[in-house]
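*Asks:* Following the hints, position chain H against chain Z.
So the protein lines, in turn, are chains Z and H. With the numbering used here, letter number 141 in the first sequence gets 141, and the count goes up by one each step, no holes. With the numbering used here, letter number 136 in the second sequence gets 136, and the count goes up by one each step, no holes.
Hints may be right or wrong, so weigh each one.
Put simply, identical chains are the same to the list, so a pair is met inside one copy or across any two.
[To be verified] Within a straight-line C-alpha distance of at most 30 Å, the following computed DSS-like cross-link-like pairs (lysine-lysine) qualify:
#, residue 1, residue 2
1, 31, 186
2, 122, 133
3, 31, 143
4, 107, 77
5, 122, 107
6, 186, 143
7, 143, 28
8, 186, 32
9, 122, 143
10, 86, 107
11, 77, 28
Since the hints were derived computationally from the structure, they do not count as laboratory data.
There are 2 protein chains.
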Amino acid sequence: MSNKPKVSNAIIRRLPRYRRYLGVLQNKGIKKISSNELSEIIGYTASQIRQDFNTFGEFGQQGYGYSVDYLYKEINKILGLDREYKTVIVGVGHLGQAVANYTYYYKIGFNIMGLFDINPEKIGTTINDVEIKAFSELEDFCKSEGVDIGIICVNSEGAQEVADKLVAGGVKGIWNFAPIDLEIPKDVALESVHLSDSLHALSFMIKSMNAEQE
Amino acid sequence: MSNKPKVSNAIIRRLPRYRRYLGVLQNKGIKKISSNELSEIIGYTASQIRQDFNTFGEFGQQGYGYSVDYLYKEINKILGLDREYKTVIVGVGHLGQAVANYTYYYKIGFNIMGLFDINPEKIGTTINDVEIKAFSELEDFCKSEGVDIGIICVNSEGAQEVADKLVAGGVKGIWNFAPIDLEIPKDVALESVHLSDSLHALSFMIKSMNAEQE
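Excised from the complex, chain Z in its bound form (with noise of 0.2 Å):
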């Protein structure tokens, strides 16, 4: 039991993104993709993509390529997206309502089982049939209902709090969107998505380029 699983960091951040562009290819229609025309598209070396694909199992054949069909859907089975989740939000601002939204639109088999927040006006209003209980419910319906995965969209003050609540009620995993590391028991996942890596990634590009243009 650990919060750091045995695969790698490096591979846990590849996967999704191998998973997006299959799908992106599947939606253009394209059957079969060899490792360099892969390597094309997303930016890791060919070697890279059969060495991560290797460690998972046999999907492609020399000469012929990876179907791109079966190997999206063996993806799907490792990251553990062939079931669906039961998720709960907690603080409905609008981060929480774009998070609500997104899942919702986007029917992405993270399924939004209830909604939390402290604001007493927002209590009892709903967001896609969905209604907005009181924070003091959180363990309790985590508890009853079986909820997978915490979504924390309070601010970086309330953030540990709610991590506590969640952790006491069962979840097996907590995506966080305060800007601070949340201290968590090691059997539950964590991921946090840092806003500020993002813009500071761009701003790195943005100077790049500049440099290289003077």
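*Replies:* Below, chain H alone, put in the same frame as chain Z:
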């Protein structure tokens, strides 16, 4: 000129993480750190860390380690965070408002100069004292204000049109939250926030932990 600066995509991802963890160390009052200690916290190997820092200069002393303050400051410069950026947000639904509040609340040097939407009921209202303008004004506004970064918070269907207007308006970079691959010229930096990648990494971690516990 290229969307892909000479530095590898992997290091572009690591640099903002170094910065974030160094910021945490600073807040804790920690003055110096070795590559081994940093490795423990951040999860990259010590040799990877030394190699990354060597790419950009001589930041540490053999046997002494790195000065946290100095390294933080230098990484800020490398990331282009020693200046401020003029930004606009296009699409002021929940997501756009969440991003607007995030940049406002955390004072991160990416200043929102304008907000744009197509909804007549929103146009003319304000968020954090910034007025929401009509989408039709976007290109001219970017030109006249010298906007650096356009933030796309519309849905997949409208995102390419927004990107085209931002490019025509002369932005240097686009921060895209719509889950599609945008087509933009090679001299404009593009960073897309793929929430699904993050969520799928989480489901993979949950699955990996369950497997270990069985």
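*Asks:* When the structure is checked against the list of hints, which entries are broken? Sort them ascending.
*Replies:* 3, 7
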